[in-house]
Amino acid sequence: MKRSIIGLFLDENLAADALDDLRKAGYEMDEYEVLTGLPYPEGTFGEDEPKHKLYRWPLFGAVCGFIMGFMITAGTQVAYPLVTGGKPVLGVPPMAIIMYEGTMLGAIIFTIIGVVFESRLPRIFMGAYDTRITEGYIGVTVTTSEDKIEEAEKILKNIGAEDIKRGWE
Amino acid sequence: MNPHVITAKSTLDKKSKINNTLLERHQRNGNYFWRIISLLAVFFILGIIGFVMKLNSGFNDKVIWGYYAAMFAFILTTAQAAPMVAIAPRLAKAHWRRPISRTAEIWSIVGLFNLILFIPILWVLPSLEDRRRSLWFWDAAPGFESVPVFSPHIWTTLALCSLVFIGIMLLWLSALPDLALIRDKGTGWQQKVAKKLSKNWIGTSKQWHWLYHRLGILGALYFAMMVFVHFLISIDFLLVLVPGWIDALLPITHAANALQAGVATMMLTMFCLRKFGGYKDYIGYDQVWGLGKLLFALSLLWFWFWFSSFNVFWYGKKPNELSVIDLLTTGPYLIIFIGVFLLNFVFPLFMMIWNPIRRSFWGPPLIAVGVIIGTFLDRIRLYVAAYSVPGIGDPNVSKHALPTHSLPTHLPEISDVFIMLGYISGSILVFMLATKIIPVINIWEQREVVMYEIHKKFHRTEVKILGKPD
Chain C
1 MKRSIIGLFL DENLAADALD DLRKAGYEMD EYEVLTGLPY PEGTFGEDEP KHKLYRWPLF
61 GAVCGFIMGF MITAGTQVAY PLVTGGKPVL GVPPMAIIMY EGTMLGAIIF TIIGVVFESR
121 LPRIFMGAYD TRITEGYIGV TVTTSEDKIE EAEKILKNIG AEDIKRGWE
Chain P
1001 MNPHVITAKS TLDKKSKINN TLLERHQRNG NYFWRIISLL AVFFILGIIG FVMKLNSGFN
1061 DKVIWGYYAA MFAFILTTAQ AAPMVAIAPR LAKAHWRRPI SRTAEIWSIV GLFNLILFIP
1121 ILWVLPSLED RRRSLWFWDA APGFESVPVF SPHIWTTLAL CSLVFIGIML LWLSALPDLA
1181 LIRDKGTGWQ QKVAKKLSKN WIGTSKQWHW LYHRLGILGA LYFAMMVFVH FLISIDFLLV
1241 LVPGWIDALL PITHAANALQ AGVATMMLTM FCLRKFGGYK DYIGYDQVWG LGKLLFALSL
1301 LWFWFWFSSF NVFWYGKKPN ELSVIDLLTT GPYLIIFIGV FLLNFVFPLF MMIWNPIRRS
1361 FWGPPLIAVG VIIGTFLDRI RLYVAAYSVP GIGDPNVSKH ALPTHSLPTH LPEISDVFIM
1421 LGYISGSILV FMLATKIIPV INIWEQREVV MYEIHKKFHR TEVKILGKPD
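Protein chains in written order, with the working numbering: chain C, 1 to 169; chain P, 1001 to 1470.
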């Protein structure tokens, strides 16, 4: 069973030190997290830069939407090839509008799906949390197995956490 | 004691002060606010009465719906363009936009209101069976129906829905950290709502990282969709209704007008927030000057687009082109056109080059009022004129040329006055109610700037140094 604790810090350097010590003690990257009420620049606490693949979603959606738009417009005209006044069967200007809208629609729908997937929403296990985070405190949470939680608590205390809160209490 | 902790404590105090002040202001329920809400609600009810009166006349006579269509286009041009003030400077990492970006994003909620107003226009606009020119290659001969007869209705509705959806997503994402703050520190019903809206936000590094990316992507999509919606509205709901009006620049002119009016809307909103909302400490000269420069540039652009279109018709002088000039510029709506020209171009140009006005706090908002009125008149000039063309929806009337005689000026009826008053009030009402749920000033971005801001002695003065994270 997983347990979660949070150590609250006032100073960014202490929070960064806590992360270093957790790393040295053998805790994996997915076992600890920094919680802040503000978007600190990436790497402020020495944490690994989060990788995301969100940009792939709108691109993939746009390609799908474009193909759909193309198939709807070209497919219809090719299926019923009526030559009007010697003009080509495929009328590009009206096709372009639907293809553009299809592209945008695909990009938007896939972006929304991507945002949900990439955010891992809904987050089932919230872990330890303290409302002082939104005041400006920096929280270091450790979410790990029951046998490793005590050592994590000791590390946070030694570094100088202002307060430590157990998620299960 | 660790010296870092002392510095951290003072920074924390600063951040807490911002939190407490803005949160207290957000949750304050002043009588003044609710009195304005009540007044706006009364006007909005008048708008509904006006709409019901209009409904009684049915949808067959298109001319009576001209003012309605103009109102829809006006809200699209002002309120739904205002979020661009948050999007563009955010992408450019401009610090001055921080206090006003949330205000701009909240305007996107009005898009939902405008989407409802759009529904009757779908009944007003006839199908392609009336044989008007259109983007949609539709032919009435049996067996030649290559696109549905309601193509303009279908695609514009889809595009408008997408725009509104993206706008609301953008607002929600940008407000997530502030909703979490209200969830943690707020009280009453606002806390309950915030709890529901910010459920999963705890502020991990990953969440912040994704928030930034999402805001960027959704901002870019909003811009793309906004331009596209203006393209469809200006073509399918305006240009094609006037035989002989062939203007490739109209869609981009329509969108550029929206950028100008969006900036003006924000300028005025900002002024009201500072003057009456109690946000004097957050909204200052930086914001007024930043938006003022944009407004000036966009006012010049207004002239450029207008003249580029007008020149083609005026120089061409074909009978159809002269009829279009007569209808939209020199004929029944000449007085309105003069008003538009003065308020959207001449007034901003000559006022903004005058330093005492440009540098004052009241000058640029005053110009913004002019631009909003000018845009309102412009929408009336274009839409009322277009919907007053005889034969819309009638396949037996030729759609190749306008009547040679001048068309009469269509003055507003009492129902139109109610609709205009009601719908403008309705937009402001929706905006003001939304500010009760979402803080009108972006609290987390205000606290963020504290991290990057230091004051340093520079020779015999003190300067502010601002950092920019990459």
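Among these hints, one or two may not hold up.
What the hints assert, rightly or not - Derived list of chain P stretches under chain C, where covered just means 3 residues or more per stretch with a C-beta under 8 Å from a C-beta of chain C:
#1 1015-1023
#2 1175-1188
#3 1212-1218
#4 1290-1302
#5 1316-1330
#6 1417-1427
As the list claims (entries may be wrong) - Pairs of lysine to aspartate or glutamate residues, derived as EDC-like cross-links and limited to a Cα-Cα distance of at most 16 Å, are as follows:
#7 C:2 with C:147
#8 P:1009 with C:163
#9 P:1318 with P:1413
#10 P:1206 with C:42
#11 P:1195 with P:1184
#12 C:2 with C:118
#13 P:1280 with P:1453
#14 P:1199 with C:130
#15 P:1009 with C:135
#16 P:1206 with C:48
#17 C:2 with C:28
#18 P:1206 with C:118
#19 P:1017 with C:48
#20 P:1457 with P:1445
#21 C:87 with P:1321
#22 P:1195 with C:48
#23 P:1206 with C:30
#24 P:1185 with C:147
#25 C:24 with C:42
#26 C:148 with C:42
#27 P:1009 with C:147
#28 P:1464 with P:1453
#29 C:165 with C:151
#30 P:1206 with C:49
#31 C:53 with C:147
#32 P:1014 with C:135
#33 C:51 with C:135
#34 P:1399 with P:1024
#35 P:1399 with P:1130
#36 P:1009 with C:20
#37 P:1468 with P:1445
#38 P:1206 with C:163
#39 C:24 with C:162
#40 C:157 with C:20
The hints are simulated quantities; they were obtained by calculation from the structure and are not laboratory data.
Even for Gly, the Cβ is constructed at its ideal location relative to N, Cα and C.
May I ask which of the numbered hints given earlier this structure violates, with the numbers listed in increasing order? Violated hints: 4, 5, 6, 9, 12, 13, 19, 20, 21, 22, 24, 25, 26, 27, 31, 33, 34, 36, 38, 39; rest satisfied.
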